[in-house]
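K.L.:
Protein chains in written order, with this note's numbering: chain A, 1 to 292; chain B, 293 to 452; chain C, 453 to 1211.
Please keep in mind that the hints were generated in silico from the structure rather than gathered at the bench.
Using N, Cα and C, we set each Cβ at its ideal position, and we do this for glycine too.
This list has only true hints and no planted wrong ones.
Label pairs and their calculated CB-CB ranges:
#1 B:295 to C:489: 21 to 31 Å
#2 B:298 to A:212: 53 to 63 Å
#3 A:172 to B:448: 40 to 50 Å
#4 B:452 to C:487: 43 to 53 Å
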Amino acid sequence: MQTFDYVAAQTVDEAVSLLASKGDQARVLAGGTDLIVQLREGRRQLETVVDVKKIPEANVLSYDAQNGLHLGAAVPCHRIYNDPVISKTYPGLMDAFTLIGGIQIQGRASVGGNLCNSSPAADSTPTLIAHRTMCVIAGPSGQREVAAEQFCTAPGRNVLENGEFLLSLRVPAPPKNFGAHYLRFIPRNEMDIAVVGVGSSLVLGDDNSTVTDARISLGAVAPTPLLAVEAAAALVGKPISDDTIAAAASAAAGIARPIDDMRGTIQQRIHLTGVLTRRTLQGALSRARGES
Amino acid sequence: MATRIHVQTTLNGEAVEFLCDSRQSLLEVLRDDLGFTGTKEGCSNGNCGACSLQVDGVLVDSCLVLAAEVDGQAVNTIEGLASPAQLHPLQQKFLEHAALQCGICTPGFIMAAKALLEKNPKPTEHEVRYWLAGNLCRCTGYDKIVRAVLDAAETMEASA
Amino acid sequence: MAEATAYQVIGTRPVRPDGADKVTGRAIYGADVRMAGMLHGKVLRSPHAHARIKSIDTSKAEALPGVKAVVTHKDLPEAPDKIANLGEGAVNLKFLSNNVLAQEKALYRGHAIAAVAAVNVHVAEEAVNLIEVEYDILPSVLTAPEAMEDGAPILHDGMTTTSLGEKTDRESNVASHYRFTLGDVAEGFKQADLIIEREFDTATVHQGYIEPHNATAMWNEEGHVTIWTSTQGAFVVQKQSSEVLGIPVSQVSVIPAEIGGGFGGKIPVYLEPVAALLSRKTGQAVKLVMSRTEEFESTGPTPGSRLNVKMGATKDGRVVAAEASLAFEAGAFPGSPVGPGGMCIFSPYSFPNMQVDGYDVVVNKPKTTAYRAPGATNAAFASETIMDEFAEQLGIDPLQLRVMNGAKEGDRRVDGPTHPRIGFLETVHAALEHEHYNTPLEGPNRGRGVASGFWFNVGLQSSVVINVNSDGTVSLVEGSTDIGGTRASIAMQAAEVLGIPYESVRPTVAGTDGVGYTDVTGGSRTTFATGYAAYEAANDVVRQMKERLAERWNAETEEGATALTAEDVTYSGGVFGCSKDAGKSVSFQEMAELMPRTGGPISGRATVQPRGVGGAFATHIVDVEVDPDTGKVSILRYTAVQDVGKAIHPSYVEGQIQGGVTQGVGWALNEAYLYREDGNMSNASFLDYRMPTCLDLPMIDTVLVEVPNPGHPFGVRGVGEVPIVPPPAAVANAIYRATGQRMTDLPMSPGYVLDKMQS
Ligand code: FES
Ligand code: FES
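Between the sequences and the hints, there should be enough to build the whole structure, so can you do that?
P.N.:
Following this line, the structure appears as structure tokens:
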């Protein structure tokens, strides 16, 4: 590994000014489970690594029914799912946070880091998108917010500009009759990168059947995680049924534009997109109805 | 070369200070500089769990922690598990169940299982398998490891 | 079957002697070795699958502060182009040397080109990146069928095929071709009512031991080299290193550290001679440890293969002819286990007509090496799938079909030997009677498969010394590195003979300076052969004690009485007596105390090369569920039945079986070397080379059938290898029952299974 300067920033301003002065020669370290591997394998070379774990705002973890979840970008997965209120309120987020790597990885890896690594196959991104998450970005000219589905721009790339870093995430409180579910397909049962991942959410009307809102997001089938608007359109305004779910699944499969690689083929990924969309919608539905 | 970083930590309950390079992992400093070779290296990539230990009580892969990050934190390794007169129940049960063959994965498994039992003293077989999925063992087929952990949990419950 | 003997120690489950050190992190594995002033090394490896090396410029690396030495193939002596037996079968010395450090050509991605010693690994790594190598990139070839084609890129200029023992003048990637024949297959097929012929392909897989290769060497001022390493055989490292370095074996001492898994992969030398060269140049100890990527790209996996198998059966289920053509990838240098594959493929059965052709084919992949029953798993995948098709098409229970065709004592194998007393049919009967087999498997998308397997096991050479301590305990010195509890299984055999508690035997694994020649821990030979040596050495102790007691008692008796000889001294239950005088009795411990007064210390010793190797058979039952939407296979239940001869330490026997099954399941479902167009491996990490985690498996039931091996005093058969043989076929047969689709490729990954289901 090349040598670099390690700085544990204490404040947002300190981090911003370091990042601004070093440009692409600096990078933020939270859990390090991606960054340290990239440095070790020589896939990334840096002058400065800015550890943001000591910055209080990057470590917030709070929930209330008004404001929803405020999640510091450096908070590791295990802290989130070990919070009884948060894990009960957002089972559709926990689906993803409990399967990033193994327990050891979850002891370090942060959701913010997963997003910033901007892999098309990141497990947390589709479910964040399905939950209408907003990303709070700190930078030289203060803070700005970007919707999760707009955060990634290409494999390994995102909207962060020079001097900016992801400070926290805001996830709205789940409305009444809300259900969400994330599933990925992997060849083993753990410790794999998603061949395809799908996060879905539904809001049902008072009849417990009519879909008033739906969000479906697809991972590993395009250069960035996709928000499958066409798939949601197949559901909204209609009573939920196997048919509407099937229509949404085929709409999702229709917009998937994956690549062939060692983890899966184009054909397999398109097929799995349909399968996982159907399964996640069924899971989201039973959660929306309070059945699970 | 960047200047060496001064780190103050608690290692298995003892105050320890060291100087390290920014690029050194906690695993590397423990093994190569401090002589704590009980924590093993299988991949240096976060994929095998051989380097598992606890930092402030949290189970992590020490190959994915920079040594500089543990300043002010408490590190617990396999070397700190047994008391002078007695093995930890997990260690004892691993021996009784023949849960190790080559033994290279064993420190990592024991540290992971310890963290599990602290959080969930009465795990089911599935919970044990789920928790230990970040630890690879190529020798045992996991059967005897899972049994050893379940048995240790029972023993620890009974004596708690 | 002989009546079961009542043993005191054998068959119990004591804690292993090295256990406490291994659960506390205290045990010293190869990478844990530390020495004063030790330098760290790193190897530069070829980024190309096939390239001529035009030049290597090490000057920038040498100039980097902290770098102490750089070596290339030029630092090795010219190796003769000759075959030598170096303890793991025949090895061409030139090939061995060229694999350690490439000479003219890089023959696979990851081939070692140069190495650096520096003050720490990071500096060594930086220096490696400063070495400038000019390559002429050549076209590469990655699979046996492609490498056998006319016009395929040739790896070794001037290499010609040896066919049926004769040199041909055909320049080719086929290093050799052999044929085994028994009976007349053409005649046999004429009698068949049903003939099935299929082509199978299996991917390259790795042993996947968790501990990477390592070596620390010190070349001292007197020219003596000491090597600390994690190896399956210290004497093999000694021999191979001395040949590669061009120095006598007497100048090389090898001290085996604890070893974190091998499965056949830690027999060849990779780092040891390089560490030695770097130490000679620097005058300091040098340690080298591989990364996981290097493990996949630069050590020996087990071959991918193309298998064409044709078998014929009569309507009533008698298999009358079986024919196989096996093409195995040797990797960059000749020497795949295609021979063992051919020896094993049909050997659970007594088919009257058999023929096997085997081809050893070089390709641009790392030189393959042994992996647990090398060759047999590939082969059984093909033959056991066809056995299952016979059962299905003829309407016969698949285990009954095996009973009808199963090999017994006296039956010939296709490669010549006649089976001694074996327990194949006993494993099939035990499976037939097992509750698992008799419980219906319910639910959609589920299937149950069975398969059997054979591995011949080996004996080779072992040495043991037992020194008696004055308190009646003994220390036992042996040379088999302990990969899975063999200190215990060897000590137990000595304790049984000596009539003392297991705890009274302290076993130590010694290096090349501390014990007589001992072959590798491999071939399932350690508990058999080193255990045999322990048995003999313990008997040597007893014999010496009897002689001393006879003499001592003679001195006590009155004049005129007939003198006692050692034959008159009895020994049982830890007590010496006299067949001529019931009043005499001396315990082992008392005798130990008497040593200084009866002639001094007692050491028992034995060196063995046992011939009575007992082959091992296994029959497995597996239940799977296949996700019809994704093709993903889940293992619901697994039962492995095996003839183990005599289980010395049943827990470690079960453990061998469970571990073998798990590796076999990994091989069946997901493990594979995946390659990009340019011949580079794309999944050289534990993330994407998918070995089973504990969430991927259920508990693995084992049934230990004990048909004693007449060639071992306690009936021991090797147990470690055969359990990996049946799983891929058993899983394939289970998938068939679940989906109606025959699997012909390994791995049966979700995408592959899904394709089959949708085809
Ligand atoms: S060495 Fe850290 S996870 Fe493998
Ligand atoms: S005992 Fe060898 S890897 Fe687990």
